[in-house]
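**Student:** Kindly produce the complete structure, drawing on both the sequences and the hints.
Protein chains: 2
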Amino acid sequence: MRIHWIVWGMIIGLLGPQGTYSQKAANQLDIHARLKYFDDLEDVIGSVLAGDVDCSILPIENSLEGSIGITLDALKEHDITITGEIIVPIRHCLLSKGHMEDVKIILSHPQGLAQCRRFIRTHFKNARTQTTGSTSHAAKLTSEFPEMAAIASRESALHYGLDILADDIQDHKENYTRFVVLGKQMPEPTGHDKTSIIIHLGQDRPGVLYDLLGEFASRNINLTKIESRPSKLGLGDYLFYIDMEGHQSDTRLKDALKGIENLADQIKVIGSYPMGIRKIA
Amino acid sequence: MRIHWIVWGMIIGLLGPQGTYSQKAANQLDIHARLKYFDDLEDVIGSVLAGDVDCSILPIENSLEGSIGITLDALKEHDITITGEIIVPIRHCLLSKGHMEDVKIILSHPQGLAQCRRFIRTHFKNARTQTTGSTSHAAKLTSEFPEMAAIASRESALHYGLDILADDIQDHKENYTRFVVLGKQMPEPTGHDKTSIIIHLGQDRPGVLYDLLGEFASRNINLTKIESRPSKLGLGDYLFYIDMEGHQSDTRLKDALKGIENLADQIKVIGSYPMGIRKIA
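In the order they appear, the protein sequences are chains Z and X.
For what it's worth, the working numbering labels the leading residue of the first sequence as 379, then goes sequentially.
For what it's worth, the working numbering labels the leading residue of the second sequence as 379, then goes sequentially.
Treat the hints loosely; a few may be bogus.
Note that identical chains are pooled: a pair holds if it fits in a single copy or bridges any two copies.
To be verified - With a cut-off of at most 25 Å between alpha-carbon atoms, the simulated DSS-like pairs for lysine-lysine come out as follows: (1) Lys454 - Lys646; (2) Lys402 - Lys414; (3) Lys603 - Lys646; (4) Lys636 - Lys454.
Since the hints were derived computationally from the structure, they do not count as laboratory data.
Since the model is a prediction, treat every value here as computed from it, not as a measurement.
**Tutor:** Given below as structure tokens:
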């Protein structure tokens, strides 16, 4: 897969250390970019804001656990644009220096722990779980102590010299993570694009969301996602994150966005970008 | 607040040990119920399914971090009904036996850690975070080691003999958690009720969600929440959790639910129950 504006030698910020699923996403770009690893997602976001990297790769949604709050919040709070998306199949492994019966502490990113909840519960009822900034960071830490095990990618086992005690341990087989490429500039239309917006409804009356969706339905615009997220202004007050097919420079989309102006008191277009393709694992 | 069918001496299952926000929710019921504590949310859900308790209290949504996946999944997977809701203000404290400068490990429920992300990052950039089954369990563990601190309720400090190193440390002031009371039987209408449903859209065409919301809008039914959640059937395939005002025995609601039958291939009514009242902290 290629995102046409990412060119040879560009610097991409992403979650590290080596072996993260973010790195897998970067590898799908089929271009020799320079990868710059950061300790946590906040630092990845900070790197693109500060201009330390040309763009950054961040997870936005997992097919089992849903959205990644930090990424959604960053898109709301900062002047930052989605410039591409990449879909990565997730196959978690249990990695350790020790044996199954030695394991007393299981480390992973909170998403990794959540996606393997049933596995942990079945096989390690009494183990402690500990969160780390990334799955590969868990693998790195695990390499020091045989009583630890990490939930991480197969590649992490190679990077940190760990054994794969169990493979494909997520609670459901259909496990994908959608990553977004964040940058500062909107890519040109490719004819196969998606547009993402954040809105806050301006009125609290029955049917306002219905009226808003009508602006898209009446123009035959396909919404690929609609998600509510607390606005942080109070319980029961939500922002809506909406993804749709098309580019914001399309007339139909422009008209729809114009049409919702009276219904929403905040509309933020957070990107128009080429749709990601889902590869088989 | 009273939920009319919860009577003296009933057994309520909830997350323990003592000092959880779930206990605060139970205390709001203003009745002498017998509280039975469990180690994690899965066990709380199991207790009501097995009939070990008369009902159980579970967090379903936080105003900062959004929905609690385990609770939403349980409502989808099991024959279980929402019979009431309780809204609890959340004020996290940092609790420890040691001083600020001693703290090397911060423990809490994943929601507690997420709600105080900025606080941790600002004051404890190099501390390790560790998840526990509940905030009060974090407080209990913390009482053994001065290098540990827990993010938990003020009440937990009393229960486990800890000092309050910092108060009100969540990243946003407006922090509430909505709890649901799960049982087996639907409560009678009170005139001030909410109904919750889960649907899976039966068609993948532009406007189908719009048409579905139209069945509610045309009957002037106020939707208090709409949330998409991965169906676990594949990326991009969602369930919708919708809350609305009214009781499922109301004619208007019955008609709307009948109206959506052709648009959704799955509709599950997960409860009609008296609305919770939001108390000030």
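**Student:** All hints are to be evaluated individually against the structure, with a verdict given for each.
**Tutor:** Do the hints match the structure? See the list:
1. Lys454 - Lys646: Within one copy, since 8 Å is at most 25 Å while 33 Å is not.
2. Lys402 - Lys414: within (14 Å within a copy, 45 Å between copies)
3. Lys603 - Lys646: both (16 Å within a copy, 21 Å between copies)
4. Lys636 - Lys454: Within. Shortest intra-copy distance 20 Å satisfies the 25 Å Cα cut-off; inter-copy 37 Å does not.
Figure legend: structure checked against the earlier numbered hints; every hint is met.
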